[in-house]
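> Sequence:
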Amino acid sequence: MGYPGVPHRVTWVATPPSGWWSPPGQSARPPAQVPYYGPPAYPGVPRWGFPQLAWREPTSVPGTPARPPQSVRRVVKHARVAVSLLWAVAIAAFLAAGGEIWRYVLLVLGRSESLPDDVVAASDALVNTSALLAAAAGVIALILVLRWLLGIRQVAATMAGHRSARPDWQVLVGVLVPGLNLFVTGSVLAELEHTALSDPGARPRPSRLVLAWWAVWVVSEVLAVTTALLNLRPSVQARADSVLWYAATDLVAVAVAVLTLLVIGALTGLVAPTTVRGPNRMRVVRVEGAPMPPRVARP
Numbered sequence: 000m001g002y003p004g005v006p007h008r009v010t011w012v013a014t015p016p017s018g019w020w021s022p023p024g025q026s027a028r029p030p031a032q033v034p035y036y037g038p039p040a041y042p043g044v045p046r047w048g049f050p051q052l053a054w055r056e057p058t059s060v061p062g063t064p065a066r067p068p069q070s071v072r073r074v075v076k077h078a079r080v081a082v083s084l085l086w087a088v089a090i091a092a093f094l095a096a097g098g099e100i101w102r103y104v105l106l107v108l109g110r111s112e113s114l115p116d117d118v119v120a121a122s123d124a125l126v127n128t129s130a131l132l133a134a135a136a137g138v139i140a141l142i143l144v145l146r147w148l149l150g151i152r153q154v155a156a157t158m159a160g161h162r163s164a165r166p167d168w169q170v171l172v173g174v175l176v177p178g179l180n181l182f183v184t185g186s187v188l189a190e191l192e193h194t195a196l197s198d199p200g201a202r203p204r205p206s207r208l209v210l211a212w213w214a215v216w217v218v219s220e221v222l223a224v225t226t227a228l229l230n231l232r233p234s235v236q237a238r239a240d241s242v243l244w245y246a247a248t249d250l251v252a253v254a255v256a257v258l259t260l261l262v263i264g265a266l267t268g269l270v271a272p273t274t275v276r277g278p279n280r281m282r283v284v285r286v287e288g289a290p291m292p293p294r295v296a297r298p
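For the sequence shown, numbering that gives the first Met the number 0 begins at 0 and goes up steadily by one.
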C-alpha cells in the first residue's frame, strides 16, 4: 500500500492461462487421442446389464399394448393352477384304481387260502387314502375349472365382439346339476371353442378333443351312478363285483382329468398369446453352412 502523492513501485506481469496462447509457429490444438482397442474398461462395477433369459419370440405388435389385459392374465393363471390340480386328481385316481385291482386279487386269493393281515391292511389303506386324496383334489380342481371357465367365456366374448350365449348362472347350474350336466357341459365347451375361433357365420362344430372329452364325461357319470347302485346289493358276490366297478370308475376318472387339462390348454391357447406352458423359448443349437464371420486383428 502506497502513500499519498508517492507513485507505486510495483511491476505487474500478465501471464495467459495454460493452453490459451501458444508461441508463434505453434498451434493450440489439443494432442490427438489414441483410440482404445482393448476390452471394455470401467472405473467401477457397471450398474447395467442384460437379464438372464433366453431369446424369446416377440408377442407384441407395434402400436398395440405390450402387456395383455388383466382378464387374459387371470385366465392363464387359473388355467395353470387348474392343470396342476387335475394332474394330482389323475395320479390319485390311478392309485385308487390300482388299489381296487389289488383288493380284487386278494379277494380271489382269499377263496382258497388265508391272507396276512398286514397285506389286507395295506390294500385297504391304499384304496382309502388315494380315494380321499382324489376326492379332495377333485373338489378344489372343480372350483378352479369353474373360475377358469367363467373367465375365459368373458374374454372370448370380448374378443369376438358380442355377448355370451348363456349367462353365468345358467352355466353353473348346467355344470353342477347331475343329469343336466350330461348335455350342458359339452355344449358350453363347444360354444366357447366356437367363440374363441371368431367365426360367427359358421355353425359350431366341436373339435375332436372336445367331442372326446364330452363322450368320456358322459361315460364317467353314468358309470359312477351304476357303481353306486350296484353297491347297494347285499350279497357277497355283488360286493366283490363292485370292486371291479370301482376300479373302472377310477380309470375313467383318470381319463376325464387328463382330457380336461388338455381341453383347458387348447382353449386357453386360443385366447391368450402364450399357452399354459409359458412363453416359447428358442435357442440356437447348431449353425450349418454359414460362412465364418470376419475376424478383426486387435493389438
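Be careful, since some hints might not be right.
[Unchecked claim] Have a look at the derived ranges for each label pair, beta carbon to beta carbon: (1) L175 with E287: 50 to 58 Å; (2) F182 with D123: 45 to 53 Å; (3) A211 with R285: 51 to 59 Å; (4) R285 with S70: 40 to 48 Å.
Worth flagging that the hints you see were computed from the coordinates, not collected in a lab.
Keep in mind that this is a model prediction, so the values were computed, not measured.
Built from N, CA and C at the ideal position, the CB exists for glycine as well.
> If a hint holds in the structure, say so; if it doesn't, say that too.
Evaluation of the provided hints:
no.	hint	result
1	L175 with E287: 50 to 58 Å	holds (57 Å)
2	F182 with D123: 45 to 53 Å	violated (38 Å)
3	A211 with R285: 51 to 59 Å	violated (38 Å)
4	R285 with S70: 40 to 48 Å	holds (41 Å)
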